[in-house]
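Asks: Read top to bottom, the protein sequences are chains S and X.
All residue numbers for the first sequence refer to the numbering used here, where the first residue is 1 and numbers rise by one.
All residue numbers for the second sequence refer to the numbering used here, where the first residue is 1 and numbers rise by one.
Check before you lean on any hint, since a few could be wrong.
Here are the computed distance ranges between Cβ atoms for each label pair [unchecked claim]:
no., chain 1, residue 1, chain 2, residue 2, range
1, X, S15, S, N91, 26 to 34 Å
2, S, P147, X, F176, 32 to 40 Å
3, X, I34, S, V36, 56 to 64 Å
4, X, V218, S, G28, 55 to 63 Å
5, X, S15, S, I209, 29 to 37 Å
6, S, Y33, X, D50, 48 to 56 Å
7, X, R17, S, V36, 33 to 41 Å
8, X, E78, S, D182, 28 to 36 Å
9, X, R11, S, E142, 20 to 28 Å
Pulled a few chain S residues facing chain X out of the computed Cβ check, cut under 8 Å [to be verified]:
no., residue
10, Y93
11, R94
12, A294
13, A299
Keep in mind that the hints were calculated from the coordinates and are not lab data.
Quick caveat, the model's predicted, so the values are computed rather than measured.
All C-beta atoms, glycine included, are put in the ideal place defined by N, C-alpha and C.
Here is how the chains run, residue by residue.
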Amino acid sequence: MTIEHGSPAATTKVEAGEAPAAPVELTGVSRWYGNVVAVNEVSFRLEPGVTGLLGPNGAGKSTLLHLIAGLLAPSAGSVTIAGRPAFGDPNVYREIGLVPEREAVYPFLTGREFVEANAKLQGLPDPGSAAKRAIATFELTEAQDRPLAGYSKGMRQRAKVAAAFVHDPRILLLDEPFNGMDPRQRIHTMAFLRKLAEEGRTILFSSHILEEVERVADRVLVVIAGRLAASGDFHAIRRLMTDRPHTFTVRSSNDRRLATQLLGDPFVTGVTLDDGLLVARAADYGAFSRAVAARAREADVTLYEVLPTDESLESVFSYLVRG
Amino acid sequence: MNAVIARITLRQLLSRRRTLLLLALSAVVVLVAILRRVSPAGADAKFTADLLSNLGIATLMPLVALIFGTGAIGAELEEGTAVYILAKPISRWVVVATKLVVAIGCSVTLTSIPILIAGLLAGGDARLAIAFAVASAIGSALYCAIFVALSLVTSRAFIWGLGYVLVWEGFLAGLFTGTRTLSVREHTLAFTQALANPAPDVFKADLDITTAIVVAGVVGVFAVVLALRRLSRIEIAGEVV
């Protein structure tokens, strides 16, 4: 994969020359509901390893996952699983394990019954053993005979992952899989996904939390407003996100003197004084945060407030789109 | 048929609180029959026919089938659990067939058995009671096919189904011959008459048996084919947009 950063239309390139039938391949995929475009001309291919599908809520991550899982037909373009169209062929589910975002499970089934039912529906020769293995992997053995209705959100999430993994699929699609899990379960599941990837499986999971993706994914697809804004190596994209300009508002006892002092720092790209408020732009978030107090001390200025103006995930993403 | 889907559907349909209400409704038919039997008036074939056609066929049968028929697939789609069945290497035809058979099984159990028991307890004509029970099983199957298909056409299947039962069957079907031919209730009564051949003063259906067989057959096949087509192309959206 190559890193693409810039206008959305130019962000969906992938390197040419890979094997013809990638585990998952999307070519010019769009999906709309009436006049709402949920996914807009997205192309990428997934190879074995963990790929994070990152984007703010409502960006189209779940729609993309459901398109890959064959639960939605693309309005335009094609989605293939190992070279076969994903939609309309139940046999693709031998290759796919899906963890949907929706919490709904059969509340009357116990954890074991639920996972075993999934194993049976997959037509496994020994569903009991497969279920037992999956349940043990996700540490549900103790709770396996309790109805799912009584499970916590995190336990239910683990039961869903166990059910998706029970037939040992080559492709695992997980929609916000860490929702509701406690930190220990989260780390455990992340380690498990890494292990599966090392065994050669293709894993795609969606998240709106950067740190989750950072911990697990080798590669990342950034989706914003239905478009693929960036794709490629996670660390390179992370650098792009970190190196973007940051804006801070500062209130102090002497804004003018502090502004002059701050301009001496190489990572400060500009300052403005507006209506009694000092607005500073910095290329490095961390360096500015560390330096501002020192510069105030040097200038003999009292700091009242330092606020980053917009550090929401949406603003990080929109920076990537704007380029 | 798929045994796992059948078991899950069965537990899903029977675990609902409204199933208890349906059981109570079934019990009412039987209770009325018992009360009549022990009353000074005693057994009466005309009363039995009226009880089974009005309370059994016209009320109990459509309500039970409506709840089980729309719940078999529709409830799963609405709640989001359908993904666990549809994202599996199982033909959609097997899914539709299994869900339909389970819905029919539940409906027949809560409709035909109480009708048979009520008919036998009320007394009068055992053959008529058996005919009502058998015909109600056919009617339940037809209703279930329609309601399963309806639940794959609209997310408001219960409302539309209830409208059909109350407005079409309860009102319009009684007004015109044409509307009568498209009434499952009238089909069921025609089957009853053909099976029991009772005296005209005891019970008489308004629809002839040939029309009932042809229309019910066409409607049943159409409903099953429609359900299969809809489920084969059904989409499950990932998020609300």
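Asks: Run through the hints listed earlier and report the numbers of any the structure violates, in increasing order.
Replies: 2, 4, 12 and 13
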